[in-house]
Amino acid sequence: MHDKKRIVRFQALISLVTIAGFALVLWTCKYPEGPANRNTVPETRLANVPANDTTALYIRQGTFPEQQLYWLGDDPDGYIIGFRYRWTSTRPNVPFPNPPDWTTVLNIIKNGWENSIIIRGTPGSLFRVYNFLATLTQDDAELRVIGDSLATRRAFAVPYRAGIVATDSIAGADRSVIQTPTTGTFIFFSPADSNLHRFEVASIDNSDEIDPTPATVNFWTLVSPGSVAVIDIIPAPNSMAIRTATERWLGLKFIYRSLDPNNSFGIDFSYNVDDSANGWSEWSASTEAYITALEFKPLVTGRSNHVFYVRARNRWGVLSPIVSRPFSAIVPPIDEAGYQKRLLVINNDRDGNGTRGFPTVAQVESVYQDVLNSIPELASRYSIWRTTANGNNFPPLDTLGKYTTILVLQEQYIAGPATAAQQIFNPGEEIAVGNYLNAGGNLIWSSSSNPMRGIFDFPTWATDIFHTIPVTLTSPIIMNSALDFVGVRGRSGSANSYPDVLLDSTKLAADSMGAIRWIPVNFPRGFAETITYFDSRSDDPFFEGAPVGIRFLAPPPIPPARTTYSVVYFGFPLYYAPRDVMIQTLRRAFFDVKEIPAP
Amino acid sequence: MGTLMSARLRTNLMRLLLGMVLSLVTLSCDQYQYASPLPGILEVRLSVKNSRQGDLLPFSPVNQFAFILKDLRATQPGDVRLPVYPDIYAIRRNSSGDWFNSLDTLARDSALILGASYSPPESFTGIEMFTELAPYQNQFGGANYPYAVSIGTGFFPSVIEVVQPLPPPPAFRRLPRPGEALNIQVNEGRLTRVTITLDLDSTLVRRTEFFLGNLVFYVSSVQNF
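In order, the protein sequence lines correspond to chains G and E. Oh and the first sequence: position 282 is 281 in numbering that gives the first Met the number 0, straight run, nothing missing. Oh and the second sequence: position 31 is 30 in numbering that gives the first Met the number 0, straight run, nothing missing.
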């Protein structure tokens with residue numbers, strides 16, 4: 000009985016304690032809206048930390064100022080939504096400068112996103128951005144849109160479904176720097192013999208709270224070896240240069256390379272003209288530069304001397320010494336806007352004996368002076384260059400560059416194939432004519448190809464300049480050695496055609512029967528057009544109606560470039576045409592190259 | 000008597016049954032599960048717009064600027080496609096495609112047939128083409144160009160290189176072009192002729208020494224016969 004009472008009392012006591020416990024719990028939960036526990040700040044750690052004796056490591060392993068670092072963060076009461084990092088460098092015995100701004104990387108990766116995400120917003124926006132991006136599913140159209148935008152690395156506003164928030168801007172990270180949100184490869188600028196660097200990274204948790212004690216590493220690097228730029232090719236002396244590149248003339252070409260002791264990739268170059276301090280070009284991996292006259296400092300018309308500078312930069316940002324090479328160029332006056340049109344007649348004939356069919360240089364010149372004086376638009380603005388009076392030389396390029404059109408006469412070799420001694424056009428002159436055309440000059444050429452045959456690389460030159468099928472392909476079949484050429488016929492039915500030409504028998508030898516020999520036919524190439532056709536005295540079925548005269552008229556330019564490279568090639572010596580037909584033909588040719596207005 | 004009545008009853012019942020069966024057959028054959036009209040014919044022709052035919056790009060059977068058509072389809076909304084083969088008897092197009100010379104006078108006159116096919120008498124809202132420039136065949140005169148315009152004949156035709164822009168334009172083309180609408184109605188037992196125009200003025204853009212070539216097509220007419 001006594002035991003039973005004790006048991007009852009004990010049970011009552013247990014019940015009382017239990018009720019008191021419940022009451023205590025209920026009492027402590029009396030204020031559920033009370034302050035929560037404070038958020039625990041995240042922690043950050045760095046891995047792959049460079050050893051403090053990086054100097055020894057550098058010497059032993061040949062490492063360079065390029066370091067790949069890893070980091071991670073922990074948050075006891077949440078999760079890490081991002082990291083921010085920064086670094087600064089100094090030299091021995093020099094305090095660290097003010098650190099740069101932090102770069103914040105969101106700790107998120109999704110399929111289809113090649114680049115990590117740099118966030119530009121305020122700290123308070125990090126979780127908002129993270130939360131939106133993290134909850135996107137593969138079915139969301141935004142996922143693809145954001146992935147595409149990240150790949151371009153341009154900043155863009157977060158496309159919330161509720162609309163854009165002005166402060167929430169993100170961008171794709173440079174993959175060569177940030178490979179993942181927790182991995183980065185950094186090139187620590189090392190211009191001095193020894194360089195001290197401090198790298199800091201701090202994690203950010205889902206309460207937008209930042210680790211107040213960032214993980215930090217200090218380490219040294221030695222100077223990184225720089226490259227040496229070498230200029231291999233510069234343009235030939237006194238090359239022609241104009242202000243605007245065209246499809247034919249890209250600019251004066253320079254070729255350079257780098258002697259890089261690291262044998263590394265990622266070498267960039269920058270060049271400058273006439274100034275080694277300001278106006279350097281953008282860094283580019285290209286080892287070629289094309290310079291127009293606009294880059295000359297100062298830009299002067301005519302011959303001038305300049306200096307080309309180039310420097311290299313390796314992938315660690317170390318610049319090479321500046322290398323320079325002088326060069327010279329000619330800026331032709333015809334490249335000036337609004338330049339007054341002028342004509343140069345180049346009488347490249349050699350003296351005949353003065354009899355019919357074998358005119359002297361003066362006779363040819365006299366006939367052309369008479370003809371040009373009959374064209375009012377040209378009468379007062381042409382000059383004559385007689386090669387025999389100038390050491391048998393063609394005008395130099397700076398002389399050619401003063402004339403908007405040149406008319407070349409090579410007319411007397413009609414009695415037989417030109418001999419080597421009669422070749423009256425040399426390789427330098429070939430190049431000068433090409434350069435002149437590239438500069439915007441126009442060319443009218445009165446002769447057959449016969450006097451030009453045998454000169455250096457004639458097939459290629461004539462193909463390029465006149466736009467004919469190469470004579471190497473056509474020569475077995477195109478030369479008419481018979482006394483058969485009596486003139487040409489223009490394109491029938493065309494209002495703007497060249498006139499028919501019937502040779503003037505009073506200018507030909509008495510036994511010529513009104514014809515000359517050794518006139519080849521010329522087949523147009525590419526955009527060239529036939530302007531006249533062979534008129535055969537014997538109506539030779541092969542030559543009759545075959546193309547003789549060719550023109551290549553340049554297309555309208557792509558602004559800001561100008562029209563360049565218009566050529567009219569008569570294909571026979573116009574000197575032997577009657578005077579009025581010479582005038583008509585020349586008027587038509589000068590109109591074609593826009594030297595005079597419409598006839 | 001009973002036997003007679005029984006036989007008459009059976010006969011009447013048989014007639015009644017037969018009548019019901021015939022009625023059912025007649026009624027059921029009167030209602031198709033789906034419409035089954037006769038097909039029409041959809042024919043696609045090529046035309047060429049060329050404002051330079053007077054000088055630079057004359058039409059002639061001997062002049063050449065060709066393209067290869069590898070596939071041609073008429074489309075309806077919902078990814079429904081009708082293959083249009085070279086003619087109504089064809090069962091496929093050549094795997095290497097069909098070659099069309101846009102400078103042929105036939106092309107100028109809309110006489111080249113890109114394809115023809117029997118078609119359901121329905122409406123089509125688009126054309127899909129798989130076309131590319133035809134390689135230049137006549138490698139003469141030193142003109143070893145991948146693509147070219149060839150004018151004239153004889154010893155030395157005038158050959159002008161055609162260069163594709165970079166990156167090369169896609170071979171797959173959809174018509175109508177964005178912003179345009181198209182309705183090709185094929186009628187039962189009738190011919191519908193669609194003319195696709197190759198805009199040579201836009202296709203061949205003259206540069207200094209070559210044409211920049213990018214095939215530009217558009218649907219210029221739909222005729223119902």
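If you are wondering where the hints come from, they were derived from the structure by calculation, not from laboratory data. Honestly, I wouldn't trust all of these hints.
Listing some non-contacts, in silico: residues in chain E with all C-beta distances to chain G over 12 Å [said to hold, decoys possible]:
1. P38
2. Q52
3. L55
4. D78
5. S118
6. A133
7. V158
8. A170
9. F171
10. Q184
11. L190
12. S201
13. V204
14. R205
15. T207
16. N223
Quick list of simulated restraints, FRET-style, between CB atoms [unchecked claim]:
17. P168(E) x P554(G): 54 to 64 Å
18. Q137(G) x G53(E): 17 to 27 Å
19. G77(E) x R143(G): 56 to 66 Å
20. T212(G) x R173(E): 54 to 64 Å
21. P555(G) x P76(E): 16 to 26 Å
To give an idea of the chain E side of the interface with chain G (calculated C-beta under 8 Å), a few residues [as the list claims (entries may be wrong)]:
22. Y33
23. S35
24. L37
25. R206
26. E208
By construction, the Cβ of each residue, glycine as well, lies at the ideal position given by its N, Cα and C atoms.
Quick rundown of the hints versus the structure:
Remark: the non-interface label on P38(E) is consistent with the geometry, its nearest Cβ contact in chain G lying 40 Å away (cut-off 12 Å). Distance check for Q52(E) against chain G: the nearest CB is about 14 Å away, which clears 12 Å, and the non-interface claim stands. Distance check for L55(E) against chain G: the nearest CB is about 8 Å away, which does not clear 12 Å, and the non-interface claim fails. Against chain G, the non-interface label of D78(E) holds: every CB pair exceeds 12 Å, the least being about 20 Å.
With a minimum CB-CB distance of about 36 Å to chain G, S118(E) clears the 12 Å threshold, and the non-interface call stands. No beta-carbon of chain G is positioned within 12 Å of the beta-carbon of A133(E); the least distance is around 19 Å. Not every CB of chain G lies more than 12 Å from the CB of V158(E), the least distance being 7 Å, so the non-interface label is violated. Remark: the non-interface label on A170(E) is consistent with the geometry, its nearest Cβ contact in chain G lying 24 Å away (cut-off 12 Å).
Every CB of chain G is more than 12 Å from the CB of F171(E) (nearest about 21 Å), matching its label as outside the interface. Distance to chain G confirms Q184(E) as a non-interface residue, since its nearest Cβ pair spans about 35 Å, more than 12 Å. Distance check on L190(E): its Cβ is at least 40 Å (rounded) from any Cβ of chain G, clearing the 12 Å threshold; non-interface status holds. Look at S201(E): its CB is around 16 Å from the nearest CB on chain G, clear of 12 Å, so calling it non-interface holds up.
A beta-carbon of chain G is positioned within 12 Å of the beta-carbon of V204(E); the least distance is around 9 Å. A beta-carbon of chain G comes within 12 Å of the beta-carbon of R205(E); the shortest separation is about 5 Å. Annotated as non-interface, T207(E) brings its C-beta within 12 Å of a C-beta of chain G; the closest such distance is 4 Å. Non-interface call for N223(E) relative to chain G: holds, since the shortest CB-CB distance, roughly 41 Å, exceeds 12 Å.
Taken as a hint, the range 54 to 64 Å is violated for the pair P168(E) and P554(G), whose Cβ atoms sit roughly 22 Å apart. For Q137(G) and G53(E), the Cβ-Cβ distance of about 58 Å falls outside the hinted range of 17 to 27 Å, so the restraint is violated. Checked against the hint of 56 to 66 Å, the C-beta distance between G77(E) and R143(G) comes to roughly 23 Å, which is inconsistent with it. Look at T212(G) against R173(E): about 60 Å separates their beta carbons, and that is inside 54 to 64 Å.
Checking the proposed 16 to 26 Å range against P555(G) and P76(E) shows it is violated: the Cβ atoms sit about 43 Å from each other. Using the Cβ-Cβ criterion of 8 Å, the hint placing Y33(E) at the interface with chain G is not satisfied: the shortest such distance is roughly 36 Å. Taken as an interface hint, S35(E) does not check out: its beta carbon lies about 40 Å from the nearest beta carbon of chain G, beyond 8 Å. For L37(E), the shortest C-beta to C-beta distance to chain G is roughly 44 Å, which exceeds 8 Å, and the interface hint is violated.
For the restraint placing R206(E) at the interface with chain G, the shortest Cβ-Cβ distance is roughly 6 Å, inside the 8 Å limit, so the hint holds. The beta carbon of E208(E) comes within 6 Å of a beta carbon in chain G, closer than 8 Å, and the hint placing it at the interface holds.
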